[in-house]
Structure formats: C-alpha cells, structure tokens
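Residues per chain, in single letters:
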Amino acid sequence: MTQKLPVYYDSSKRRIPLVAEFRELMRYRELLTLLIANSIKTRYKRSALGVLWTMLNPLLYMSVMVIAFSTLFRFKIPHYPVYLLAGLIAWNFFSQTTTQAMNTLIWGGSLLKKIYLPRTIFAVAAVGNGIINLLLACIPLVIIMLCTGQPIYATWWFLPIAILILSAVSLGFALIVSMIAVFFADIIELYQILLQALFYLTPIMYPESILPPFIQRFLVINPVYDVVKVFRTPIYEGHLPSAFSLSAGLVSAFLVLLIGWWFFTRRADQIAYRI
Amino acid sequence: MIEINNVTVNYKLASERIHSFKEYMISKLKRKIKYEYFHALKNVSLEVKAGEVFGLIGDNGAGKSTLLKVIARVLRPSTGRVRLHGRVFPLLELGAGFDMELTGRENIYLNSAILGFKKADVKSRFDHMVSFAGLEEFIDTPVRNYSTGMISRLGFAIATDIQPEVLIIDEVLSVGDADFQRRSGERIQKFCAGGTTVILVSHDLETIGKMCGRAGWLHHGEIKKIGAVSEVISDYEEFQ
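In order, the protein sequences belong to chains A and B. Residue numbers for the first sequence follow the numbering used here, beginning at 1 and rising by one. Residue numbers for the second sequence follow the numbering used here, beginning at 276 and rising by one.
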C-alpha cells in the first residue's frame, strides 16, 4: 500500500476567496517575480534605445505639452515642466497598469484554461512592472528639476508612501476592469476612451484653479485626482499632504483595493468558463 | 488519491453568445437574454487510488477534458466535490505558457514556476531537463525559432523531470520523433510503476489497454461504466 497523502485540494472547501487568493499568490511569488522580470526584459531587449526609451518617452511628451500649453493657455504655474512631469508619471502609472492588467489577463486566460494559477497574478505583476517603470521615469524628472533650478525637497522621502497609495488604487481598478474585460471584450476599447476623458478631467496639464468651482467640487469623486496629488505634492510643492488628506487617501486607497480584490476573487472561478 | 463525488459541471450558454458589453446592454434592454445550461458532466463519481493508472475513454465531447480540468483545479465543479491527495501535474498541451520572445533557458524557469516548482530545485535539475529534451545547442535561442517538436520536447522535459504525485495526461504521448517517443513513453511507464497516480485520456484504446489497470467510460457527461480496463474497452467497442 502506498502511503496516504494529506488532502491537497478540496473543491467544496472555499475559504473566504479574499484571503485564500492572497495565500495562493504568496505561494506563487517566484512566478510573480519572473513575470515582472520577463516583461521588463522583453520590453527593453528588442528596442535599440533600451531603457533610455522609458525615460525619453515622458520627456518628449512633456516638451510637446510645455510648448503647446505655455503658449496656448496662459496659466501661471511656476516650474510648469516639473508640475506636468510629476503628474504625468503618476497618471501613466495608473493608466498603464490597469491597461496592462486587462491585456495580460486576456492573454493569460488561455493558460488559466489549462492549468491552475492564482488568477490575480497578472494584475499584481502589472503593478509590479509599473513600479519599476515609475522609478525609471523619476530619473528624467530629477534631471529636469536640476536643469530648471527647481529645488529637490527633502519631502521626497514621502514618495514610497505615495507609490504605495498609487499601487493600491491602481491594483483595485486593474482587478475590476480586467474582470469586466473577461466578460465583455469591447471594454478594452471603451476603457481607453474613459481613460482619455479622465485624463482631461484631472488637473495634470493644468492647474486646479482654472476649473470652475462647481467642477472642482466633483474632483472628490475622481479616483485619480487624489493619488496624482499625493505623488506630486511632495515633489512639486515641497510639503507633505495634510494629516487629514493623507489618512483619507490611505483609507480610500485600501478601500478601493479591497473592493477590487473582492470583486475579482468572487468571480475568479468563472474565468476558465468564460475565456 | 483522487475522490470525485457527484460532480456536475454546467456551462452557462446565453441563447446567443454575448461577448460585448454593447450587445449585452441591447439584449438586456430587449429582455432577450435566455440562459441555457449545458451539462458537460452529470453526477460523475469516481475514485482513483494512490499509485493507480486509470484510463478515461469516450467519444469526442463526452466530457473527458472537462473532467481532467476539474481534477486539475482549472474548473471548479458547479456541484459535487473533488478531493485530491497530493499535488496534481497536468500534462495537457505541451508548450502552453511558453513566452516565444524568451530563450529556452528563460522559459524553463518560467514554465517551472507556472507548474509551481521552486527556483532552487529547477537550478539543480536544469541540465537534466535540457539533455532529456536534447536542446543543449539551442537553449539560449529564443523559443520563437524552435520547431513544434522542440517545444513539445522541452515542455515534456520540464513537466516530467521529477516524479509527480498525480499526473494527468491528455493525448500527449506522441511527441517528437520516434526516439523521443520511446524515451517519453519509458518515463511515463517508470512513473506508473513507481507509485504515481496517473489519469490517462486517449482515443488510442490499445495504449489505454496496455498501460491502465482500470478505466472509466464517459458518455454525454455521464459515467457509463467503470471497471477493469479490458471490460470497459470491450463494452465501449461493442457500443460503437
């Protein structure tokens, strides 16, 4: 008689998906780091400019915007390039990670039909990937700040916390949109349009003060507004967000993450049935 | 050991398959969505003992692959219960999960991680995998330049390098050239003899008859017969 192995899996036992999924993800952490490393590798291996491209990209974009906006609209923002670039970095993080999570879940879906993997792994990898890109994008930001004479404040120490908040919000949204994309493929295109609209509704290219007061009130419900500000304030203004707005930001970021995680894990078993 | 109790798997099929949000909203407004259920498996109960080599036969669409997916934890059954003692390694489509842009070396680590192996283990078994697949010269070439045969050889070598507790095989015994087929067949047979629980799905009744002790016959999602492999096969052949 062969020895009896302990029960490894029982389909009728569902621990709370919220917690179980997290434990599964920890078990597959080596795969997670590989997925992040590989997407960085494939991204930079084939382009001649390599890593330089990630830094050049926001710089070029920023130059165009600076030329367009400082001549077109005459709003007075001192050190406009720094204001713009810091906001753009935070925005790009949000838009890229949510989009990538959506695309990789559709790609990974064919894999999920064949083998068991923790289903949140693709969204989490997208966020990990985003953090690396964000750190790289900070290099040209520092260069711009040095060139334009904007002081580099001591409040930069706060950035890890800002990135944490940014990641939590992005992961929450990434989980929600990628799960919807499993059910409705056209969401991918629709989401790009929504992102575009959201970008213009968020004070990234323009100062908050040019918005009419009644629209300013609606900024509270803009999910990206807070995280962009939390990231930009210590860089641009050199002070920390107030204790109130920081705690509100932290609480709402983790609420978004919790809702996204719950929304996704509750439906995760249906992915293999759908894709 | 694998215990399957009264497992039913229902696929929900919308009367017209809806894949876009636009269509969904339109049909919702018209109240046109009717769901039909397709029972891929109906009340299937089955027990595979530790160390047993169990065969699954049946026509196309009988539910064999669905049953394998339920065992591989890919699908959670709609009702019923699956219990696994020991880790399951599916040997489904070889090469699934390869990243074509990465080299063979990088893909060995990626694929091993997908299967849940630890990196440190993979490192020590790396050369063994490569030599079994016969890819020493090409291991640092991107997989997109590999032939289909090379990809399946590498996939097989990764998935079967250590003896698994439970192995699921879905028609993958015929990979590569004659020499590799012989070596992969020998490896599977060694696992069977060495205490691995194996579930084998094949249309090749001869293979099933040779390798398995017991077999199950699935028909339209239901178990028609379970028993000694020779009886099940002769009943199945008679039925056709």
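Simulated from the structure, these hints should not be mistaken for lab results. One or more hints might be untrue.
Stated by the list, open to error - Quick partial rundown of chain B residues pointing at chain A, CB under 8 Å, derived from the structure: (1) A347; (2) L385; (3) G391; (4) A503; (5) E506.
Glycine residues also receive a C-beta, built at the ideal position from the N, C-alpha and C atoms.
_Please check whether B:G391 passes as an interface residue: C-beta within 8 Å of a C-beta belonging to chain A._
holds, 7 Å
*Taking the least C-beta to C-beta distance, is B:L385 closer than 8 Å to chain A?*
Since chain A brings a Cβ to about 5 Å from B:L385, closer than 8 Å, the hint holds.
_Interface hint check: B:E506, Cβ to nearest Cβ on chain A, cutoff 8 Å. Holds or violated?_
violated, 25 Å
*Status of the hint placing B:A503 at chain A (closest C-beta pair under 8 Å)*: Result: violated, 20 Å to nearest chain A Cβ.
_Satisfaction of the B:A347 interface hint, Cβ to chain A closer than 8 Å_ = holds, 6 Å
The structure fails hints 4 and 5 (numbered hints given earlier, in ascending order).
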